[in-house]
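Novice: Residue strings, one per chain:
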Amino acid sequence: MTRQLMKGNEAVAEAAVRAGVAGYFGYPITPQTELLEYMSKRMPELGRAFVQAESELAAINMVYGAACTGQRVMTSSSSPGVSLMMEGLSYISGTELPAVLVDVMRGGPGLGNIAPAQADYNQIVHGGGHGEYHAIVLAPATVQESIDLMVDSFDLAEQYQSLVVLLTDGSIGQMMEPCELPAFKPMKTEFPTWATNGAEGRKKRILTSINLDPNAQEVENFRLMRRWQQIEENEVRVKTYFMEDAKFAVVGFGSCGRLALSAVRAARAEGIAVGLIRPITVSPFPKKLLKEFSRKLESMLVVEMNNGQMLDDVISATENSLPVEFYGRMGGVVPFPDEVLEEIRRVAKGGLDTTGHPRDRWLTRMAEKGL
Amino acid sequence: MTEYDVENEVLVYERPDSLTDLNTHYCPGCTHGVAHRLIAEVLDEMNLKSNTIGVASVGCSVFAYNYFDFDFVQSPHGRAPALATGIKRVLPNRTVFTYQGDGDLASIGMAEIIHAATRGENITVFFINNTNYGMTGGQMAPTTLPGQKTTSSPNGRDVESQGYPIRTAELISQLDGTSYVVRRSLNDPKNIRMAKKAIRTAFEVQQRGLGFSMIELLSICPTNWGMTPVSALKWLEEKMMTYYPVGDYKVHPAVAEIKF
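In the order they appear, the protein sequences are chains A and B. Reading the first sequence from the start, the letters are residues 13 to 383 in our numbering. Reading the second sequence from the start, the letters are residues 9 to 268 in our numbering.
You may find that some hints are simply not true.
Have a look at the derived ranges for each label pair, beta carbon to beta carbon [as the list claims (entries may be wrong)]: (1) B/G128 x A/K215: 54 to 60 angstroms; (2) A/E230 x B/R201: 45 to 51 angstroms; (3) B/Y172 x A/E144: 51 to 57 angstroms.
Listing some non-contacts, in silico: residues in chain B with all C-beta distances to chain A over 10 angstroms [what the hints assert, rightly or not]: (4) V42; (5) D77; (6) A119; (7) K205; (8) R208; (9) K242.
Everything labelled a hint here was simulated from the structure, so no lab data went into it. None of these values were measured; they are calculated from a predicted model. A virtual CB, placed ideally from N, CA and C, is assigned to each residue, including glycine.
Please put together the full structure from these sequences, using the hints given.
Specialist: Put into structure tokens, the structure is as follows:
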């Protein structure tokens, strides 16, 4: 295959096309819009379904309907638009349908801005919609990784009858990088035994998320939870860098993990034994791996483009067995690698005051910087 | 005593194949049963049962999928036209319809119905207008008549503070994307026969790929109206049919040519 220069959003769209997506339903919102625009040209020329919906609410419900037929379907949006999709995401999860959402996160809350952010981690990883459900959430750090994970998203969605979210941000969506596209997969010709695609020669099928009997609903909830246990067991993906001899680890996901790597490299050049742990699945979260590392390391530094949302998952996974520090920028501000390097130096120096919550200590340090 | 010739009895009326052999949960006198039956009879006549995917909505008809004997999905409140769009776009050769009440379609789902109609989605919409939210116990709906008492308009709908009813068929018929938009009533045999003919026409429209069709069906809700079924039918005829006239609001020239 040949390498080419592609913009993140367009590369993801083409990857979905090659993975055999049969229907795309979306709504314009920056910094995701190129994905919709690309699909508006690409899908019809391949004879596949494309609809620019009247809202994100309608878009996710078109995905819901199309997913009921057992076809590969997706939508994409950015933070405020994804908020509107929460209803549909809960229904899709409650009906146990495979579907894929690309969330190109931007600064918030509210209308916020169109700069890259990671502030919707909790919304996507810890629910967002009503009721209890989990999504598989993949967090790429490069355009190439976005492509690869986009293709995997459809397979994972079908394997576990689950919602899969490709959680990216404005920087990865907008940047151009050299990348290699996958080969075309054949379109699906066989459909699962639950698909409502017309009852020709078989009994009728119903797809619904209603269970008026609480006991029946609970049986469903147990099934979803046990499936999630399997996913936690089988599908954790994480990438580590310089961890073989590391005394300290930076933990960051997506584009923030990528810029932290620059800081880690610079720290290594200074002789600091630091490594990077970059969760690729932020859900299921690499709990076991973090727990194992927490026994070997002196401390961890969590770096995010939010107020420390993954931080809580790191603290929970490491069970307070080592000091955890936090550094974050919010509202669409992307930290410079030098800011992270400064934090690495501070952590490596030792003698950390670990009273209180890492988030509170971070807020105090940021106040000292005039923020 | 009359002697009956049992041996030579001719079957003239039976359950359509497209309906399941279940008792419905609908209240006595409710016209959902009539609407269900008409849809089922038409799908039988057109031999479309195994080709059809229905979309149930949120309201009393949330369980419609139990009573129809073909594939069905159940939509979030108001979003049935979006689900139907998704299904029809990936399976254009299937027959797809939504079955929605007035709170579902004309209130929370107004954006979805307007845009499905304006896109000319090749789907059929059955819109049950019984002037209230039946399932939650009879609250004011967008279709509640001026002065009509409901549990959330206890002094009667005051148009000054609670606005006016929406004449949905007229509204939707204004959109260029629509092909067939009519209102029918389920109050007496003549109107029920007219309703069935309209349902047949709507499915013929979809079969021919002629685009969006919607049938508003004036219906009764004796339980929440606090009336007997008979007086509810009378109220429908006297009050609803004057505010919501039965009629053809949009018949595309191509639809007018359909013969069956």
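Novice: Now, for every hint given, state plainly whether the structure supports it.
Specialist: Tested hints:
Here the CB-CB span from B/G128 to A/K215 is close to 33 angstroms, at odds with the stated 54 to 60 angstroms. Distance hint for A/E230 and B/R201: a CB-CB separation of about 47 angstroms, consistent with the stated range 45 to 51 angstroms. As the Cβ distance of B/Y172 to A/E144 is approximately 41 angstroms, the hint placing it in 51 to 57 angstroms is violated. Residue-level check passed: B/V42 sits 22 angstroms from the nearest beta carbon of chain A, beyond 10 angstroms.
With a least beta-carbon separation of about 6 angstroms from chain A, B/D77 fails to lie farther than 10 angstroms from that chain, contradicting its non-interface assignment. Not every beta carbon of chain A lies more than 10 angstroms from that of B/A119, the smallest distance being close to 5 angstroms; the non-interface claim is violated. Distance check on B/K205: its Cβ is at least 25 angstroms (rounded) from any Cβ of chain A, clearing the 10 angstroms threshold; non-interface status holds. Every beta carbon of chain A lies more than 10 angstroms from that of B/R208, the smallest distance being close to 20 angstroms; the non-interface claim holds.
Against chain A, the non-interface label of B/K242 holds: every CB pair exceeds 10 angstroms, the least being about 34 angstroms.
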